[in-house]
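J.: For reference, the chains in residue letters:
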Amino acid sequence: MAFEPSTGAASARLSMLASRAWEGVASVLRFAVVVAGTFLGLLAITFFIGRVVPIDPVLSVVGDRATQEVYEAARQAMGLDRPLIVQFFAYVGDVLTGDLGMSISTGRPVVDDLARVFPATLEMATIGIIIGVVLGVPMGVVAATHQGSWIDQVIRVLGLLGYSVPAFWLGLVGLAIFYAGLGWVAGPGRVDIFYDGLLDPVTGLYLVDSVIAGEWDIFWNALDHLMLPASILGFFSLAYIARMTRSFMLDQLGQEYVTTARVKGVSERRVIWRHAFYPIRIQLITVIGLSYAALLEGSVMIETVFSWPGIGNYLTTALLTADMNAVLGATLVIGAVFIMINKISDVLYRILDPRARR
Amino acid sequence: MIDWLLDDSPTSRLQANMGRAWRVWTALLRNPLAVVGALIVLVLVVMAIFAPLIAPYSPVGQDLANRLMPPSAEHWMGTDELGRDIYSRVVYGARITLLIVTMVAVIAAPIGLVVGAVSGYFGGWVDRVLMGVTDIFLSMPKLILALAFVAALGPGIENAIIAIAITAWPVYARIARAETITFRDSEFISAVRLQGASATRVILRHVLPLCASSTIVRVTLDMAGIILTAAGLGFLGLGAQPPLPEWGAMISRGRNFILDQWWVATMPGFAIILVSLGFCFLGDGLRDVLDPKQGEKQ
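Chains as they are written, first to last, in numbering that gives the first Met the number 0: chain A, 0 to 357; chain B, 0 to 297.
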């Protein structure tokens, strides 16, 4: 009798815990459904582009110089006589089992091609985002704490240019100035020709592979080649990250608790970094995630200019030869990575920000 | 006249609308950057309309004796590898740029508005389905999607416009939905509905006009991105085809000469930057005037 209330409390606590756990499971499930739905949507779009938009999908896969037998065989293989919805599920099944078809220009499975070129893009975009974060975040903080100063103006101008300068044009101008004019950096490509093919592709990232192999010559050469395209990508993320950091910081610095901290006599440096910057780092994760994803996309143009053998170059080469399997495969991979990065930064935001946890 | 425009109790709908337009206009004029932006856009439009009068040479006329000449008094921006005057080509290129941005806006904005308004007005499963599709499009990389569409449709200016429009509409759908939800349950909508107006009529006559101002702001701000995408497609050889003087395609042709004849590739780039900046400035100014809420959030 005496411990009935306590069992009541315990069971209440238990049911509360259970409901909280259930909420957690439910939110994970909801998230999984959203992600799966988005991927299915991506597949639907690439399917639509590959099978419905072209007047003759077979022709766009085999090319217009194919013989009648090849054409018929491809038509059979693509199962174009089946209903569209059956074709779609067959396509989803193929993609899930890692079959993206053959590329007509390289003659290899598109999946193998993509696995080979992806590290080059990843390397460039990663160095780009590092440049963007390392320079952009401090610049944004300084711009917010010194409103109207020259650095504030610089960030305004950079932000505007980030929206209005074509990346491929900046790449060309950069090559003309820093490679041809000043000779500060190496030209197009990932390494000089005589270093080509010397590295064992362990990760496919030249900077990492060369260190593993202990080939420091190649490391410095690769860095030399990487610097300009990565800086140009970095410029675009810097422009965005600095602008967002500035506006987040201004938001925080205008809050009353910051005034309180100042009145208490907390040093300005502590106010800025501990009180104002600390809370915005979560918002910054989302911003950095978004711009990392945008860099993967932006590298398509930059790679074309710098003959960078990455996924963007692969995609644009495929576009010009109307190699649809390769185009759709590259679109699918870039789209999937883009979605993944966005969703992951979304999740991180929810985990780290107590207010976003419901 | 100004008193009539600024009258606090307008006697006709025309007077009210004119007065509102006048207030927006004067507020815009107080913002120097917005004025600069408006001027740049105006210059673009004038260039496009009067290209034959403004351009000193033909945009396609070749003059092989004068190929790859540096900028001079005769050829302000130099000549390209076929001896064509780059300045004249940039002027004519304004027509293509203007055509692309106008067509994309005309196609994408109404689609987005209708999807968003229908979604917000009806709610329920209609909302869930439409916004599901919108979100899927929103989470795709735009440039890649446009590239893939053009690859399937075939290169060309019309297909570039269609591809960009397909990637541009979801933003407007989101905006229209958010706006619609805020006044879906308000009394004036109920009043119209009680008078027997159909859902189509309510959406077209009463919901969409209220979404217009935020959409106009968003479209203007998006123009820079549309110009860059179009130029990117042109650069890759998927947009306007030669000999059309499209700015992106001109940069692509100048690629081979970038190390020695820098002007061939750089000049059209300056045109792209200037026009994009113009739309950014104008869009920022319009946002401050028409949609101050949105400005605070950013």
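Treat the hints with care, since some could be wrong.
[As the list claims (entries may be wrong)] Quick list of the computed label-pair ranges, beta carbon to beta carbon: (1) 83(A) with 182(B): 36 to 42 Å; (2) 182(B) with 346(A): 57 to 63 Å; (3) 269(B) with 66(A): 47 to 53 Å; (4) 69(A) with 55(B): 28 to 34 Å; (5) 30(A) with 3(B): 55 to 61 Å; (6) 55(B) with 320(A): 36 to 42 Å; (7) 121(B) with 30(A): 25 to 31 Å; (8) 81(B) with 199(A): 32 to 38 Å; (9) 11(A) with 194(B): 50 to 56 Å; (10) 152(A) with 211(B): 54 to 60 Å.
[As the list claims (entries may be wrong)] Some but not every residue of chain A turned toward chain B, in silico, with C-beta under 10 Å: (11) 41; (12) 47; (13) 200; (14) 202; (15) 206; (16) 296; (17) 334.
It is worth saying that the hints were derived from the structure and are not from the lab. A virtual CB, placed ideally from N, CA and C, is assigned to each residue, including glycine.
J.: Any hints this thing doesn't respect? Which numbers, in order?
T.: 2, 4, 8, 10, 13, 14 and 15
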